[in-house]
Amino acid sequence: MSRPVAAAAAGPDAAAGPGAAVDPVIRVAGLTKRYGGLVAVDAVSFSVRRGEVFGILGPNGAGKTTILEMIEGLRPPDGGTIEVDGLPVWPDPRDVKRRIGVQLQATALFDLLKLHEIIYIFGSCYGLYRSRAECAELLERVGLGDKTTGYANELSGGQQQRLSIALALVNDPVVTFLDEPTTGLDPRARRAVWDVIGEVNRDGKTVVLTTHYMEEAQRLCDRVAIMDFGRIMALDAPRVLINRLGAMVTIHFSLSGTVPLDAICDLDGVASCRAEAGAGFAVVATDAQAAVVSLLSLARERDLAVANLDVRGADLEDVFLSMTGHRLSEEEDDGHETAPRKRRAFGFGDGR
Amino acid sequence: MKTFADFVRANVIMTVRNKQALFWSFVFPVLLMGLLGIVFGQEDNFKSKLAVVDEDHGSLAATLTGVLRMVPPLDVVTVPDRQTALVELKDGDYAAVLVLPAGLQQRFADGATQLPFYYDASSPIVAATVTGVVNEVVRTFADRTTGTQPQLGLAAQPVAAHSFSYIDFLMPGVVAMAIMTNGIYAVSGTFVTYRQRGVLHRLRATPLPLASFIGAYVLTHLVRSLIIAGLVIAVGVFAFHVQVASGPTLLKVALVAVVGSYCFVTLGFFIAAVAKNIETAAAIAQVIGTPMMFLSGVFFPMEEAPAWIQPVVKAMPLTYLANALRDVIIKGETLWSVRWDLVVLAGAGMGFLALSVRYFRWD
Chain A
1 MSRPVAAAAA GPDAAAGPGA AVDPVIRVAG LTKRYGGLVA VDAVSFSVRR
51 GEVFGILGPN GAGKTTILEM IEGLRPPDGG TIEVDGLPVW PDPRDVKRRI
101 GVQLQATALF DLLKLHEIIY IFGSCYGLYR SRAECAELLE RVGLGDKTTG
151 YANELSGGQQ QRLSIALALV NDPVVTFLDE PTTGLDPRAR RAVWDVIGEV
201 NRDGKTVVLT THYMEEAQRL CDRVAIMDFG RIMALDAPRV LINRLGAMVT
251 IHFSLSGTVP LDAICDLDGV ASCRAEAGAG FAVVATDAQA AVVSLLSLAR
301 ERDLAVANLD VRGADLEDVF LSMTGHRLSE EEDDGHETAP RKRRAFGFGD
351 GR
Chain B
1001 MKTFADFVRA NVIMTVRNKQ ALFWSFVFPV LLMGLLGIVF GQEDNFKSKL
1051 AVVDEDHGSL AATLTGVLRM VPPLDVVTVP DRQTALVELK DGDYAAVLVL
1101 PAGLQQRFAD GATQLPFYYD ASSPIVAATV TGVVNEVVRT FADRTTGTQP
1151 QLGLAAQPVA AHSFSYIDFL MPGVVAMAIM TNGIYAVSGT FVTYRQRGVL
1201 HRLRATPLPL ASFIGAYVLT HLVRSLIIAG LVIAVGVFAF HVQVASGPTL
1251 LKVALVAVVG SYCFVTLGFF IAAVAKNIET AAAIAQVIGT PMMFLSGVFF
1301 PMEEAPAWIQ PVVKAMPLTY LANALRDVII KGETLWSVRW DLVVLAGAGM
1351 GFLALSVRYF RWD
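Here the protein sequences line up with chains A and B, keeping their order.
Note that our numbering numbers the first sequence so that position 46 is 46, with each residue one more than the last.
Note that our numbering numbers the second sequence so that position 196 is 1196, with each residue one more than the last.
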């Protein structure tokens, strides 16, 4: 099928970019998926290197899961090609399925089987008939060694996710796909899952994960693809992406009186700005000094006090903000930010 | 192959651990059979219908008939002619027919006569009781009236009759009903849950063909249906003396049960395919299952139902399963004679399977 050349060019082509993969374990080119009139994945191209932890970072609805499911052989693409370990995934994904491990979002398993039995039966799906001890060993690896004779519905959310990861490792896969492995977990459970993922990667296994947590991507991933509305906006190591923002800083503050957002955006050295809760503002500034000085003079002119002034260096959240003009994760937002995001989501659905 | 066996084993383990499913699949049909047996099981066992054909029309015959009427275990009716009586005996209306031939007085006086007596061979225990009682009554009667000791007896002849009591009628119906409910409720419930919770989606990410997974489930399910059929039949036979036809009946029952199971398993898959969630699946299963339970001749014979409802009766797969099981279990008929019931069940199963494939969704 013919794909729009302009769209393909819009996404960064990792294979041609700096540090192009010498031995990519996954090669994706021009990958496209439409649902009716909606383009969920828009001519995306990238490669994943053997042995790295590759992150796909983006808000809900950015197309992360759709991309993953097309690579996993669960959802046929409308255009483009995917190779995993040198094999084309489509039209017959059977061989690729043998080589990959998959953890899907929100999979409940057989409630009436014990954990070691679940591990066994999934191994059996790959023609691997593991002994009870081998099943227990795999559970041990994800920190569920004491639960082998328990049932899945007795596990906490974090433990269930770790069981899911164990199932993704059952066939000793070349690549392990983890779809939002820590969504909905509390910080402690999240860190336990991170440890398991780190452990998997230390064994030299390639891990591809999606997340909408900036911190998760920053901490786990060797490289991150930043996605929004079905396209890759940027792809590189987290540190490189942050450095690319140069001297950019984020300045948070609140004012003792009402000031129109436009006045804040017009301050010297400000690249982007947004309102936050409680008469607060956040601005991304290319020149921190100029921005702070002009902010203080603005406050003096209007006879307002500046409070909670906080200047900090950029992180992936800021990278995302500067690329897309909106924030990444809604749950860290207050009411001021979720509303515009929703509006935009509607416009997206109607417009394209 | 080993993978297939593993999934069969996993299904068995899950069935055994699922207390609720165990109850509804295995315990409930047995309880229902027990309850129906207690309520209706005793009906025909103690009092047995005896048809008396009076060809003599004399006073002696009338007196003998009167005496027979007074014997408590017998329920005597008079029938005008032998032909009618024998046809009705074959239909199972009576346990036995006693003929009082013309010239009864003379025969008694001669001191040696055999009264024609026909009994229903399909229920040997009842037949033996009735034969014994009638024989005793007639001998005593002859002794008293003639004062002699005539060589009087019954010329007893077995008649192959389709005689069955209500409990005999009910038992195959309960087997059919259990196979039906086990099919549509259990299958639709299980697969909608699997789909809703992403189990199917997750399995699809493995190289296992879906057909193996479903095949293992269906095999487990067929075995489950056979066990249920066996349990209900065992309760009927041992607790309520249901008369099961002799011969390789159980083999025939197994085959009919498997064909019936197949039909309702595929119907269950179809419900699972069209239902959005578990609640819808349960509702659809109710809407299909409940009328079928009452209009397929499970609890009452539908031949006597109004004519306008007959097309509905004929449209229900359960009608054919209940009929086939009844013919095989009680009447001892051959598989060949129930072939059309089996063809309808298998055909409906193919149809449901095609629809299930058409509407199947992974998630």
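Treat the hints with care, since some could be wrong.
Just a few of them, taken from the derived set where beta-carbon distance is under 7 Å, the chain B residues facing chain A [to be verified]: (1) Met1001; (2) Thr1003; (3) Val1008; (4) Lys1019; (5) Ala1021; (6) Glu1055; (7) Ser1059; (8) Arg1202; (9) Ala1205; (10) Thr1206; (11) Pro1207.
Think of the hints as simulated: they come from the structure by calculation, not from any bench.
Heads up, the beta-carbon is just placed ideally off N, CA and C, and yes, glycines get one too.
Here is how each hint holds up against the structure:
Nearest Cβ of chain A to the Cβ of Met1001/B: about 10 Å, over the 7 Å cut. The hint is violated. This hint holds: Thr1003/B has a C-beta 5 Å from the nearest C-beta of chain A, less than the 7 Å allowed. For Val1008/B, the interface hint is violated, since its Cβ never comes within 7 Å of a Cβ in chain A; the closest pair sits about 11 Å apart. Residue-level restraint check for Lys1019/B is violated (minimum Cβ-Cβ distance to chain A is 10 Å; threshold 7 Å).
Because the closest C-beta pair between Ala1021/B and chain A is about 9 Å apart, greater than 7 Å, the hint is violated. Of the supplied interface hints, the one on Glu1055/B is violated, with its beta-carbon coming no nearer than about 70 Å to a beta-carbon of chain A, more than 7 Å. For Ser1059/B, the interface hint is violated, since its Cβ never comes within 7 Å of a Cβ in chain A; the closest pair sits about 77 Å apart. For Arg1202/B, the interface hint holds, the least distance from its beta-carbon to any beta-carbon of chain A being 5 Å, beneath 7 Å.
The criterion of a C-beta within 7 Å of any C-beta in chain A is met by Ala1205/B, whose closest approach is roughly 4 Å, and the hint holds. At about 4 Å, the closest approach between the beta carbon of Thr1206/B and any beta carbon in chain A falls short of 7 Å, and the interface hint on this residue holds. Evaluation of the Pro1207/B hint against chain A yields a held restraint, the C-beta minimum of about 5 Å falling below 7 Å.
Against the hints set out earlier in the document, violations occur for numbers 1, 3, 4, 5, 6, 7.
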